[in-house]
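Number of protein chains: 2
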Amino acid sequence: MNPVMVDVWRGNAVESEHRGSLALLDADGSVVLSLGDIDRPVFPRSAVKALQALPLVESDAADRLQLTDDELAIACASHNGEPAHVRIAAGMLAKAGVDAGVLECGAHWPYHEPTTREMAARGEAPTALNNNCSGKHAGFVCLACALMGWNDAGLNLQRYVKGYVKPEHPVMQEVGDALQSSTGFDLKKAPRGIDGCSIPTYGIPLRHLALAFARFGTGIGLREGQARAARRLREAVARSPFMVGGSDRFDSVVMQRLGERVFCKVGAEGMYCAALPERGLGVAIKISDGNNARAAEVVMAAVIEALVRLDDGEAGLLRGYSDVTLKNWNGIEVGALRAAPALRSALSAQAPAG
Amino acid sequence: MNPVMVDVWRGNAVESEHRGSLALLDADGSVVLSLGDIDRPVFPRSAVKALQALPLVESDAADRLQLTDDELAIACASHNGEPAHVRIAAGMLAKAGVDAGVLECGAHWPYHEPTTREMAARGEAPTALNNNCSGKHAGFVCLACALMGWNDAGLNLQRYVKGYVKPEHPVMQEVGDALQSSTGFDLKKAPRGIDGCSIPTYGIPLRHLALAFARFGTGIGLREGQARAARRLREAVARSPFMVGGSDRFDSVVMQRLGERVFCKVGAEGMYCAALPERGLGVAIKISDGNNARAAEVVMAAVIEALVRLDDGEAGLLRGYSDVTLKNWNGIEVGALRAAPALRSALSAQAPAG
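Protein chains in written order, with this note's numbering: chain A, 156 to 509; chain B, 156 to 509.
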């Protein structure tokens with residue numbers, strides 16, 4: 156039974172609660188902290204987009220297409236579908252010589268509600284570029300250029316990328332290899348599902364996900380090309396954090412403030428992964444009931460707050476996410492989301508030295 | 156520890172799970188089925204709007220203002236804020252001689268996304284009439300007419316209703332009394348919070364909530380005026396189920412099909428209450444993590460499916476809510492929401508005789 160990670164207060168009582176599990180490992184595979192079950196495979200969903208982007212940079216695709224920080228960051232993103240995200244994803248496809256017609260992620264209204272309402276006001280419908288995964292998919296298309304050996308982009312590429320979301324396509328084979336080598340978990344043994352954007356997702360234990368992010372943050376345990384790619388992706392996201400999420404999104408706000416000291420990335424169904432390079436640690440979180448906004452995010456905020464050396468302003472920013480005042484439609488304070496006392500206590504034992 | 160009520164499948168594995176508790180009682184207070192903790196007080200939120208509407212009908216307000224089925228139904232609603240809901244709630248206020256300016260529920264964009272996008276396309280902003288609680292609040296305002304003795308509506312009423320969401324206001328006193336007498340739970344001992352629409356919410360055990368809905372569905376154990384009011388509210392909702400929710404909403408769809416055989420009502424934070432009048436039973440459900448759409452609703456569907464005598468078409472409709480195929484943005488089947496096997500098994504022991 157996984158422990159309570161977040162209490163949802165209303166008035167003078169706990170109204171709801173979120174259970175979950177958490178793994179904190181170093182790059183050698185030592186478990187620094189474990190709460191709940193960290194050995195049951197869980198689908199990491201979008202929390203591993205940065206690992207899935209490793210082949211884009213390890214191959215010569217990022218170099219030959221001269222991908223910018225914005226473009227590398229959006230390859231790791233679950234973005235809001237705001238105008239800037241759409242523009243950057245479209246630009247990546249243009250560099251590869253194709254357009255949004257090749258994207259196989261499907262279309263949905265932007266996560267960012269004001270953008271959705273602005274589009275509706277202009278009579279627009281959403282396209283695949285608004286899909287929160289459009290940057291990751293644009294990265295897959297760019298990777299395809301390298302995998303096909305740069306044989307004339309355009310029509311050849313259009314043919315080559317068709318079906319790139321299927322597990323047997325060369326693009327997904329590369330992406331799966333990166334996931335397997337970074338996590339050290341044999342994907343042949345993994346539970347398997349289809350992700351929201353139609354690519355395969357593999358069940359991987361939190362222990363292995365945290366290990367992968369300890370490696371991603373330090374380079375330790377990765378082959379040389381992967382370690383270089385990880386470093387370049389972390390730098391790109393630190394310089395362009397808006398691209399990884401968007402307005403008011405935790406990942407963007409926190410990395411805007413903390414830069415390369417934290418790499419964090421949300422995934423669907425209550426998943427969160429992070430690298431804390433200064434501490435040499437990787438983090439993986441799964442909320443049992445799948446809640447992101449008010450559970451996984453609260454836990455990740457509490458982890459960063461406890462484990463990363465922060466100044467007062469930074470600590471205040473994180474506390475605003477780990478101890479959240481809830482207001483109703485009239486702006487009246489009605490309750491709070493709070494990292495559970497047992498979680499706080501376990502994390503405080505891992506505070507940075509000195 | 157509350158048991159797993161709903162499994163969320165992806166591919167060949169359970170990805171997430173929702174725990175919760177359930178009480179099934181008859182109007183004499185006998186527990187027919189109990190899963191998890193049914194004695195801890197929980198905030199029932201909007202699941203008790205029908206109980207909160209009892210004074211509107213037990214007083215002479217509904218009669219003197221000649222409230223229609225649509226109007227009585229929307230007084231029990233958490234509606235979508237669609238144009239028809241706005242029109243009916245505004246009409247109730249007009250009958251009382253006031254306008255939407257008296258509403259103290261706050262404004263929010265309609266729950267129904269196409270309506271929100273249509274409003275945005277017309278350059279409109281949401282008002283308190285779009286608030287999912289506007290009908291309940293319009294009912295409170297109508298009740299105020301009766302409580303002030305019908306002394307000239309208009310300006311007097313505007314003065315009288317001011318602050319009607321506060322626990323000490325005569326309107327909330329009446330509403331609290333109805334809640335206490337129907338549930339048989341002493342609200343002075345209850346945890347207390349402020350609801351989304353700013354009225355007080357009191358923590359009440361599922362045992363007492365299920366009892367109240369057994370009484371609501373049968374009249375047994377209610378004073379005569381309350382029993383008549385309960386019957387009239389049930390009839391109104393059965394005739395105007397759209398008003399209680401709206402397009403594609405479980406409560407509206409199910410009551411449209413089953414009429415007076417089921418009265419069910421969702422509440423925030425994973426709450427559900429129902430009356431099954433043919434069985435003489437009341438139901439109360441709380442999902443521990445607060446999830447409505449994919450947990451409380453699945454459990455309520457499984458309850459109705461198992462306990463109410465249904466024809467094949469009706470059973471198929473309910474099965475579509477208790478065993479839900481999940482598709483991604485491309486319409487590919489990726490998983491399922493399923494009432495947990497232990498829940499199904501416990502419910503099947505309560506199937507209707509013969």
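Hints listed in this document are in silico derivations from the structure and should not be mistaken for laboratory results.
It should be emphasised that the depicted structure is a prediction, and the values quoted were computed from it without experimental measurement.
Certain hints may be false.
Any copy will do: because identical chains look the same in the list, a pair fits if it lies in one copy or spans two.
[As the list claims (entries may be wrong)] Below, computed lysine to aspartate or glutamate pairings styled on EDC-like, alpha-carbon distance capped at 16 Å:
{"no.": "1", "residue 1": "LYS321", "residue 2": "ASP183"}
{"no.": "2", "residue 1": "LYS317", "residue 2": "ASP403"}
{"no.": "3", "residue 1": "LYS321", "residue 2": "ASP332"}
{"no.": "4", "residue 1": "LYS344", "residue 2": "ASP192"}
{"no.": "5", "residue 1": "LYS343", "residue 2": "GLU323"}
{"no.": "6", "residue 1": "LYS321", "residue 2": "GLU488"}
{"no.": "7", "residue 1": "LYS343", "residue 2": "ASP215"}
Evaluation of the provided hints:
1. Neither within a single protomer nor between protomers do LYS321 and ASP183 lie at most 16 Å apart by alpha-carbon distance, with minima of 33 Å and 58 Å respectively.
2. Neither within a single protomer nor between protomers do LYS317 and ASP403 lie at most 16 Å apart by alpha-carbon distance, with minima of 35 Å and 35 Å respectively.
3. In this assembly of identical chains, the alpha carbons of LYS321 and ASP332 lie at most 16 Å apart only when taken from the same copy (14 Å versus 60 Å across copies).
4. Within a single copy, LYS344 and ASP192 get their C-alpha atoms no closer than 18 Å, and across copies no closer than 38 Å, so neither meets the 16 Å cut-off.
5. Within a single copy, LYS343 and GLU323 get their C-alpha atoms as close as 13 Å, which meets the 16 Å cut-off; across copies the closest is 64 Å, which misses it.
6. When the C-alpha separation of LYS321 and GLU488 is checked against a cutoff of 16 Å, the pair qualifies only between copies, where the shortest distance is 14 Å, while the shortest distance within a copy is 48 Å.
7. In this assembly of identical chains, LYS343 and ASP215 lie within 16 Å of each other by CA distance neither inside one copy nor across copies; the values are 27 Å within and 70 Å between.
Violated hints, in rising order: 1, 2, 4 and 7; the structure is consistent with all others.
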